[in-house]
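Visitor: Single-letter residue listing:
There are 2 protein chains.
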Amino acid sequence: MVYTYLYNAFKCATMQFLRDHFEKLITLTDKEFQYILQFFRSRRIMKKQFLLQEGDPVTQEYFVVKGCLKSYVLDSEDRSHIMQFALPDWWISDYQALVTQSPSSMFLEAVVPTQVLCITREDKERLCAEMHKMEHFFRIKNAYGYIGLQRRILSMLTGSAKERYEQLLQQYPDLFQVVPKQDLAAFLGVSRETLSRLYSKNK
Amino acid sequence: MVYTYLYNAFKCATMQFLRDHFEKLITLTDKEFQYILQFFRSRRIMKKQFLLQEGDPVTQEYFVVKGCLKSYVLDSEDRSHIMQFALPDWWISDYQALVTQSPSSMFLEAVVPTQVLCITREDKERLCAEMHKMEHFFRIKNAYGYIGLQRRILSMLTGSAKERYEQLLQQYPDLFQVVPKQDLAAFLGVSRETLSRLYSKNK
DNA sequence: AAATAAATGTGATATAGGTCACATGCACAA
DNA sequence: TTGTGCATGTGACCTATATCACATTTATTT
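Going down the list, the sequences are from chains B and S. Last residue of the first sequence: 203 in UniProt numbering, with the numbers rising by one and none dropped. Last residue of the second sequence: 203 in UniProt numbering, with the numbers rising by one and none dropped.
Please note: incorrect hints may appear among the correct ones.
All copies of an identical chain are treated as equivalent in the list; a pair is satisfied when it fits inside any one copy or across any two copies.
Below, simulated PhoX-like cross-link-like pairs (lysine-lysine); rule was C-alpha separation at most 25 Å, straight line [as the list claims (entries may be wrong)]:
#, residue 1, residue 2
1, Lys-124, Lys-31
2, Lys-11, Lys-31
3, Lys-133, Lys-24
If you're looking for bench data, these hints aren't it; they were derived computationally from the structure.
Let the hints inform the model, and build the full structure from the sequences given.
Guide: If you want it as structure tokens, here you go:
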């Protein structure tokens, strides 16, 4: 592979990770991938550091390479409600703010030390406009994301706290390695005390 | 406008409605629109008729021209949980099933007499592959849909039954003209009795 | 290694909202 | 127009989950 854009010489493993991610849905030539790569910037965040805070302008979307991020809102009583976790291979941002170009209403914070690849809204749009393939990629990604949220809504509508917990455990076992239980509670919409009781009684 | 594809001579108003819908995000020539149109089929459904039932194969996506549809699941106690309503200008299907090409786990039912335009999965994919514009259109549509679901999740996480009800009332006042209250309850994740009490006490 | 802070567990109590039962109103079918 | 069946309202009671308070365990920092 020829490194045309040297200023973007990420670690080889990181690049390959991104490329593999794209190539799950589309095929890319080396040249195409190199072209795409120039729009991404690598960034590391320490545990509990923010990529976004409430009120910040949102200009980028983040692809997680390593670690884990969470996006959440704080309500009027300062309780956190988690919108999304992002493990490696996931995209995350405050999409509402990104699309409507309004200030963030969320916090985007590293749960553990994390590495992301960032792309700005404009660069992503440009990439989609220039390369039909990429527009396709992101349309399909979006469709999966949509379905995921539908599933979450359904589990909130139909399941008890316990059922939702067990579904999550089954669907994303990796999360439980990384994320404190109070965060899982804030994701499930249950108090941390209730969550704690759910699995202590379970065994 | 030249009617190249006569077998698709929908009522002029219907065609224009679809065209306006696309042209909110992209621009189309008459010829392009005529080409697109050939992939759509018009269909009318009576109140309480099904477009999909649990177990059906899901081959199509539906664009509502007139009326109102709801998609919902039935749980083990035969309680219905509503995933989505679709008023005119909205798309609806069992997306999970459509994308994964598995049998429907939902019912798709007309709340009132309804007219839709149907497109098959294959035709939509073909349209997206052939016309970059259309791929763009659906990517952006998807992105808005995603944001909408995020908002719904947030309101389920942060709000009381009453707050959720009021948010819905404010965001989609049209729904309340058309949809029985028990369906609104099934959408909000509240019992119909509780919902009834919410607004009787309100006044 | 000690000190401090964060996360978790657990009991006692409170409450939003669910469930059940039945009454009333309203729509459409015969 | 009358009847049959949905949709809605309302009371009485019940239950899952929240809240508060504090103890315990586990990470972080110095």
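Visitor: Work down the list of hints and note, for each, if the structure agrees.
Guide: To see whether the hints hold, each was checked on the structure:
1. Lys-124 / Lys-31: Classified as within: same-chain Cα gap 18 Å, cross-chain 29 Å, threshold 25 Å.
2. Lys-11 / Lys-31: within (18 Å within a copy, 48 Å between copies)
3. Lys-133 / Lys-24: Result: close both inside a copy and across copies, 12 Å intra and 23 Å inter.
Hint violations for this structure: none, all hints satisfied.
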